[in-house]
Each structure stands twice: as structure tokens, then as C-alpha cells.
Amino acid sequence: MTNATAAIEARGLGKRYGRRWALADCTVSIPAGHVAGLVGPNAAGKTTLISLATGMLRPTAGTVEVFGGKPASGPDQLARVGYVAQDTPVYDGLSVADHLRLGAHLNPRWDAALARRRIGQLGLDPKQKAGALSGGQRAQLALTVALAKRPELLILDEPIASLDPRARREFLQVLMDAVAEQELSVLLSSHQVADLERVSDYLIVLIASRVRIEGEVDELLATHHLLTGPRRDAASLPASQQIITESHTGRQSTFLVRTSEPVIDPAWTVEPVSLEDLVLAYLGHTAGSAQGHMLEVHQ
Amino acid sequence: MIWLTWRQFRPQAITAAIALAVVAILVAATRPGLANGYAAAGLPTCHANCGTIASTFLDRIGNFDHILFYGSAFLMYLAPAVMGLFWGAPLIAREVEAGTHRIAWNQSVTRTRWTLVKLGLVGLAAVATAGLLSLMVTWWASPIDAASLLGGSAQAAAAGGHGVHVSFSGFAEARLDPVIFDARGVAPLGYAAFAFVLGVAAGTVLLRRTLAAMALTLVVFVVVQVLMPNFVRPHLLPPARFTAPLSSQHGPVNVNAASGVAYIQLTAPFAKPGAWVLSDIVITPSGAEPSNVIMTPAGPELTTMPRACVPAPGSGINPVACGNTLAAMHLRQSVSYQPASRFWPLQWIETGIYLVLAAGLGWLCVWQVRRRRAP
Amino acid sequence: MVEFHINSRSGVAPYLQLIRQVRQALRLGLLRAGDQLPTVKDVAGMLAINPNTVLKAYRLLEYEGLVAAKPGVGTFVTKTVSDASIAAHQRLSGELSAWFGRAKQAGLDIEDIEALFQRAVTSAAREEEEAV
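If you read the sequences in order, they're chains F, Z and X.
The letter at position 258 of the first sequence is residue 257 when you use numbering that gives the first Met the number 0, and the numbering goes up by one with no holes.
The letter at position 152 of the second sequence is residue 151 when you use numbering that gives the first Met the number 0, and the numbering goes up by one with no holes.
The letter at position 61 of the third sequence is residue 60 when you use numbering that gives the first Met the number 0, and the numbering goes up by one with no holes.
Derived by calculation from the structure, the hints in this document are not laboratory data.
Honestly, I wouldn't trust all of these hints.
Claimed, not checked - In silico EDC-like links for lysine to aspartate or glutamate, alpha-carbon gap of 20 Å or less: (1) K55(X) to D217(F); (2) K69(X) to E182(F); (3) K69(X) to D41(X); (4) K40(X) to E169(F); (5) K55(X) to E215(F); (6) K40(X) to E151(F); (7) K69(X) to E180(F); (8) K55(X) to D110(F); (9) K55(X) to E218(F); (10) K40(X) to D110(F); (11) K40(X) to D200(F); (12) K55(X) to D200(F); (13) K40(X) to E2(X); (14) K69(F) to E8(F); (15) K40(X) to E180(F); (16) K40(X) to E182(F); (17) K55(X) to E180(F); (18) K55(X) to E169(F); (19) K40(X) to E8(F).
Claimed, not checked - Computed footprint of chain X on chain F; a stretch qualifies when at least three of its residues, placed anywhere within it, have a C-beta under 8 Å from a C-beta of chain X: (20) 149 to 158; (21) 245 to 259.
As the list claims (entries may be wrong) - Derived, one-sided and incomplete: chain Z residues facing chain F with beta-carbon distance under 10 Å: (22) Q7; (23) T14; (24) I17; (25) Q106.
Backbone N, C-alpha and C fix where the C-beta goes; we use that ideal spot for every residue, glycine too.
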């Protein structure tokens with residue numbers, strides 16, 4: 000996997016507006032052939048990172064490369080990346096069929112049969128103006144246009160945030176079907192981990208304009224543990240266990256740790272951590288105290 | 000890209016087609032009347048007294064055609080401005096305002112190509128529309144323009160004299176007149192190209208604020224259109240000069256019926272039909288302008304009476320003494336003007352200037368789109 | 000043909016849930032040798048889960064010897080579960096009913112029984128996960 004060109008490679012990437020850094024010192028290497036979830040609270044820098052990766056913005060610092068090339072640097076580079084922006088923009092005055100014609104005229108690799116089949120499966124009326132579609136239908140139309148372009152990488156910026164649960168599920172179904180069929184790499188952002196849990200196998204957590212953690216989901220889940228046991232001090236934990244959060248009650252301590260070694264201390268009850276809990280822990284970790292992690296004490 | 004540009008431009012194209020059709024109908028309906036009147040007056044083959052015959056023809060032109068004459072000129076001022084505001088300013092600004100640039104710039108076409116194709120195709124449509132309008136209006140007005148070129152003017156016909164320099168005095172200004180120049184020939188194509196690209200450029204500078212871009216376009220375009228005929232066009236080609244002595248052929252002394260004040264009316268010899276007079280003054284031999292002569296629409300007037308021209312009580316004016324005194328002043332008329340023959344050269348030069356401006360603004364658009372980024 | 004479902008709240012990894020459901024289907028005779036499992040694309044598209052998850056489950060099933068992948072065609076079941084295990088089902092079913100009766104007689108209500116049962120299942124599941 001490390002030999003293949005990364006889908007997105009950022010080194011020290013940053014974007015500043017005035018005095019504020021919307022994204023700072025971002026170094027990630029998102030591997031190809033994965034569905035990468037980009038998660039973080041609102042205004043954490045997700046849209047900024049995506050805008051930089053699609054060439055919609057120019058970096059203030061650092062570099063970003065997509066399949067080894069500069070984003071939007073030419074027709075061939077543009078053809079490799081599909082993008083569905085936030086709020087899934089479509090041309091309100093153009094019909095569904097017009098959008099497909101748009102794709103056909105502007106993309107050399109356009110797969111018209113795929114586009115027609117997907118529109119048919121979605122039950123969209125080709126003559127209907129895009130402005131008259133529901134939110135879920137607009138999202139599906141934007142996704143179809145991006146997919147029929149046959150990109151190698153599909154980037155989606157919070158595509159399902161404003162959709163109802165059923166539309167959300169349908170969107171992700173179509174997306175996963177396409178990933179399986181076209182061997183796509185995907186970068187998908189959301190401010191809710193739950194949206195990403197089923198579909199991501201790579202995760203990047205962005206908090207306050209910085210990358211807090213990134214990696215394969217399997218590896219992240221395997222290396223984070225919730226340790227519950229009798230009350231003890233954080234310093235008593237071995238150095239190989241990086242404490243993310245700790246909380247103490249009168250007689251009990253709970254630690255969320257990251258470690259690549261097995262936890263052998265029999266005093267601990269070791270439980271796995273869900274992806275959502277993991278992200279929440281890192282959110283607290285960032286906002287935490289002088290120890291650098293979140294400390295909760297209930298006496 | 001061509002298809003997409005056309006598809007997005009389609010509503011405006013339909014509006015333009017309808018407007019052109021309306022103009023075409025009006026032109027087709029009313030022009031035969033004008034052409035017949037022109038031919039019936041014998042003007043196509045006129046060799047003598049053409050000025051008077053032309054003035055009679057112009058006088059006979061009906062009110063509706065008067066309205067069309069000035070209305071068509073107004074239309075030619077309006078058309079480039081409308082295209083700049085409604086075709087140019089929204090071209091890129093609206094796209095970014097609506098967020099659809101995030102689709103357009105992420106297909107397999109670079110944003111430079113996207114900008115160039117849109118600029119080129121819609122710009123071509125703007126120039127073609129202006130060209131068709133100008134063609135129809137120039138053709139419609141050709142009998143009137145020809146009549147004024149022969150020396151006709153409606154006011155001169157009423158006065159009974161031959162036409163002198165023509166300014167904003169009567170109906171049917173000459174083609175070189177600033178009011179009419181903008182509405183004839185190839186100049187409207189230059190204005191349309193300039194106004195359109197100006198609109199697009201304003202839109203790329205004021206991204207997302209389409210209305211502000213439209214306002215900026217209007218302001219700049221109006222300023223340029225006011226500056227050009229007043230400060231630039233007179234000097235595009237070196238003006239011609241005319242000097243000749245004044246004379247007093249119609250009797251030296253007249254009395255103003257309203258005030259009872261006596262004045263001397265002189266005759267200025269300059270009579271070049273269709274010329275664009277830039278300055279028209281009376282000078283003394285030294286070249287200075289005397290303070291006691293003023294220019295009126297009827298000609299130069301002496302405001303102070305020389306003694307030899309004051310009627311002696313009981314005997315009237317001594318014409319010889321008065322005439323000699325006047326001749327001894329050696330007053331001459333000095334006119335700086337662009338001759339009628341300069342119409343087409345000035346049209347081409349001015350159009351060229353506007354096209355160069357348009358090209359420069361077009362480069363600015365591409366540069367702006369490439370360098371400014373919008374998430 | 001087996002139909003999969005994923006319970007995101009169960010705390011069990013999706014790929015394990017798929018494996019379990021295949022094994023269950025085999026046990027109940029819903030899948031026999033030669034039957035084709037749904038394609039990775041179909042499962043991913045139906046459940047809105049990552050195709051790699053489905054691939055992982057299928058690969059592990061193949062490692063256990065229950066299925067075999069034919070490249071370009073699909074994944075097929077390799078063995079029918081023997082009748083012995085179906086008989087075992089019936090026997091265990093009866094034992095379970097007897098246990099329920101005893102639990103009720105001991106005074107446990109439905110919620111107590113469910114809690115007991117759930118705890119036993121969860122700890123068994125964890126053991127199994129660690130064994131895989």
C-alpha cells in the first residue's frame with residue numbers, strides 16, 4: 000500500500016485568512032483504494048482541506064498533491080477527481096437530462112450508459128428542472144454527475160448533512176455500490192461520526208484546524224482501549240500507553256488509552272472503543288487541561 | 000463547453016432575437032416611405048440647389064419617423080449597456096454567487112478554457128447583435144443621413160436660407176454629430192464588445208456580488224461613452240481648419256424686434272454639409288478673438304456699433320462708410336472641424352480602440368479567474 | 000439466498016456480523032454447497048457499508064473453509080452443514096425451553112432472563128472475537 004501513489008498527499012498544508020489559520024500544518028497521506036472519512040466539528044477546517052485538495056483554493060503554506068499531481072492543474076488531472084461540494088450544488092435552471100449532457104460535453108471519460116442507468120434506478124424524471132428536485136434527489140443528481148465522469152478519486156463535502164435519514168441511507172447505498180463497482184477512492188467529510196462509521200475504512204480527525212489523528216479504522220479501533228479499574232493515578236500507567244482521556248470517581252478510574260501493545264495488567268477491565276467514542280475522546284483531548292488530556296474528576 | 004455556454008445563454012439569446020425581430024419589423028414597415036420621399040424629391044440625382052430641396056424633404060418627414068430617428072439612436076446607446084449589464088456582469092459573478100462554479104470548475108475543463116469559451120461565444124453574440132441592430136438602423140436612416148449630407152436641415156428650410164454648420168439645432172443631425180455617430184456604422188460593435196467584457200471583468204473583480212458588478216459596469220461604461228466624443232474623438236485625426244473673411248451682405252444694420260437694439264449681422268462663409276464643427280470663432284488679423292463679436296445660430300454679430308454704422312439723424316446709414324469700416328476690421332471666421340468624409344475613418348479608428356480595450360479587459364478576466372480562488 | 004443486515008448498535012464489528020449470519024444460514028440449511036453468496040457490490044450497496052468490510056468477511060469465511068471465491072464469478076459455499084448439527088439444534092432448542100421454565104420457577108421475570116441471556120451472549124461474542 001505504501002508503494003502506491005497516495006490519493007491525497009498533504010505536507011505542512013495550511014490556509015490563512017487574515018490572521019486566522021483555517022487549516023494549519025496539515026500532513027496526511029490518504030491511501031488510494033479506501034473510503035476515507037474526514038470528521039471534525041464545524042469550522043474545524045474540513046471544507047478548507049477539501050477546497051485545497053480540489054484546487055478551489057490555493058495554499059498559504061505547504062503543498063497538496065492528488066495522485067502525485069497538482070490539483071486542477073490541467074484537463075487530465077481534473078478528469079481523475081470528482082467533487083460534490085457542500086449543499087450539493089446543481090444548476091437550478093437546467094433539467095436532469097441537461098446535467099447529463101453537461102457531463103458528456105465536459106468530460107472525455109464520461110460514461111453515458113452508467114449515468115442513464117443510475118438516473119433510471121433513482122427514478123428521476125430527466126425533463127425535470129434541477130431546482131424542483133428534493134434535497135435528496137439533488138444530492139443524488141450531483142453524485143451521479145460526479146460518478147459518471149469515471150474519476151479515480153471522489154471527494155464529497157458533507158453531502159448528507161442536510162438530508163433526512165432515508166435520503167441519507169439511499170445516498171450512502173449508491174455511493175458504496177459505486178465504490179464496489181468502479182474501484183473508487185473516496186474522501187467523505189462529515190461533522191457526525193455516525194454517518195461515516197459504516198462506510199469508512201480510513202479516518203482523519205480534524206479539530207480546530209489541525210489533524211488530531213489519522214489512520215486505518217481497523218488499526219485505530221485495535222489500538223484504542225477503554226480501561227476500567229480501581230482508582231489509580233495517571234502516572235502509574237506504563238509509558239507505552241498514551242492517555243487520551245481519564246475520569247475518576249471515588250473508587251474507580253477510567254482511562255481511554257492508545258497503545259500498540261496488549262494490555263496485560265489484570266486489574267483492568269479492557270473494552271473496545273467505538274469510532275464515535277474515539278472521536279469524542281479526541282475532541283475532549285484537544286480542549287483539555289495542562290496534562291494535555293481531558294481530566295474528569297467526580298469526587 | 001460550447002454546448003454549456005449556449006444552454007446557459009439561451010434565455011438571453013431568445014430575448015435578443017425577439018428585440019431584433021421587433022426592430023426589423025419597424026424598419027421594414029417605415030423605410031419604404033422614407034426612400035420614396037427621398038427619390039420623389041429628386042435627391043438621388045440632384046445637382047443644383049440640393050440643400051434647399053433636401054431641407055424640404057426633411058421638413059416633410061412625419062412625426063412617427065422623427066420618433067424613430069431619435070429612438071433608434073437611443074436604442075443604439077442602450078443596447079451595449081444592456082449587454083454589459085445583463086450578459087457580461089452575471090457571466091462569472093452569478094456562477095460563483097450560486098455556487099455552481101463548484102460543478103463547472105470540477106469537470107475536465109480548466110477554468111481558463113471555461114472563461115475563454117464563455118467570453119468568446121457570448122462576446123461574439125453581443126457583437127453580432129449590435130452589428131445587426133446597427134445595420135438595420137443605419138439602413139433605415141440612410142435617406143435622412145444622405146439628405147443632411149446634401150446640406151439639408153429642417154430648420155434651415157423654415158428659415159429659407161442655406162444650411163450653415165449643423166449642431167443640435169434642427170432635426171436630422173449629420174452622421175458625424177456625436178448624437179448620431181454612436182448609432183451608425185461599426186462603432187456599436189466596438190461598444191458592445193467593450194461593454195460586455197467590461198461587465199465580465201467587473202464580475203470577476205466583484206465576485207458573488209452580481210448587482211454591484213452591474214452597477215460598476217454601468218458607471219464605467221457611461222463615463223467612457225461621455226469622455227470619448229468630447230475628449231478623444233476630436234483628436235483621433237487632425238482636425239481640418241477653415242478661415243475666410245466675414246462679410247455683411249444683407250444690409251449692415253438690423254434692429255432686434257424685441258428689444259429695439261440695433262445690431263449688425265454678418266455672414267460667416269463656412270458651409271460644409273455633414274461636417275462636425277469642433278470650434279467656430281471670429282478672429283482678428285492677430286489671431287485674437289475680439290470681445291465685441293458673438294456667435295449666434297444665425298451667424299456672427301457685432302455687439303458694439305462702429306460710429307460709421309450709426310444711422311445719422313435724418314439721413315440713415317451711409318453704407319459705403321459703414322462697409323469700409325467693417326472691412327477695415329479684417330474679421331475672419333476660423334473653424335476647426337472634421338469633414339464629412341472622415342466619418343468612416345473615425346468609425347474604424349474608434350472601433351479599433353474599443354476592441355483593444357475589450358481585449359485588455361478580457362485578459363484581465365482570465366487572469367482574475369486563474370488567480371483568485373473561491374471555495 | 001441469504002439476506003444480510005447490520006446492527007450498528009450491537010458493538011460487534013460489521014464483518015463479524017456478516018460472518019455470523021453466513022454461519023447461521025448454513026446451520027439453518029438456508030445455504031448449501033454450491034450456492035452463491037451475494038456479490039460484494041450488492042451487499043455493500045444494500046447495507047451502505049464499505050465493500051472492504053464485505054471482502055474481509057468473505058475472505059475469513061474462505062480461510063475457515065466454508066466458502067470459496069471464484070475470480071470473476073463470485074463466492075460460493077463449499078460445504079453443506081451436516082444433519083448432525085440440525086439434530087443438535089433441536090436438542091439444544093429443547094434444553095433452552097427447559098431452562099426458561101426453570102428460570103421462571105426461580106422467580107426471574109422476563110427482563111432478568113433477558114439480562115442474563117444478553118450478558119452470556121456478549122461475553123461469548125468477545126471470546127470468539129479474540130479467538131479470530
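Legend entry - Straight-line alpha-carbon gap K55(X) to D110(F), limit 20 Å: violated (30 Å)
Legend entry - 20 Å limit on alpha-carbon distance, applied to hinted pair K40(X) and E180(F): holds (6 Å)
Inset, instruction - Decide if the proposed pair is consistent with the structure: K55(X) and E180(F), CA atoms, cutoff 20 Å inclusive. - result: holds (17 Å)
Legend entry - Proposed proximity, E8(F) with K69(F) (alpha carbon, max 20 Å): Holds, at roughly 10 Å.
Legend entry - Hinted contact I17(Z) with chain F - closest CB pair below 10 Å: violated (19 Å)
Inset, instruction - Mind checking the alpha carbons of K55(X) and D217(F) for me, to see if they're no more than 20 Å apart? - result: holds (11 Å)
Legend entry - Hint consistency between K55(X) and E169(F) [alpha-carbon to alpha-carbon, up to 20 Å]: violated (23 Å)
Inset, instruction - With a C-beta cutoff of 8 Å, work out whether three or more residues of the region 149 to 158 of chain F approach chain X closely enough for the coverage to hold. - result: violated (count 0)
Inset, instruction - For the pair we were handed, K40(X) and E182(F), check the Cα-Cα distance against 20 Å. - result: Holds, at about 10 Å.
Legend entry - Evaluation of the interface hint that places Q106(Z) against chain F, nearest CB under 10 Å: holds (4 Å)
Inset, instruction - Take a quick look at whether K55(X) and E215(F) sit within 20 Å of each other, Cα to Cα. - result: Distance ~14 Å between K55(X) and E215(F) Cα, so the pair holds.
Inset, instruction - Could you grab the alpha-carbon distance between K55(X) and E218(F) and see if it respects the 20 Å cut-off? - result: The hint holds at about 14 Å.
Hints 8, 18, 19, 20, 21, 23 and 24 from the earlier list are contradicted by this structure; the remaining hints agree with it.
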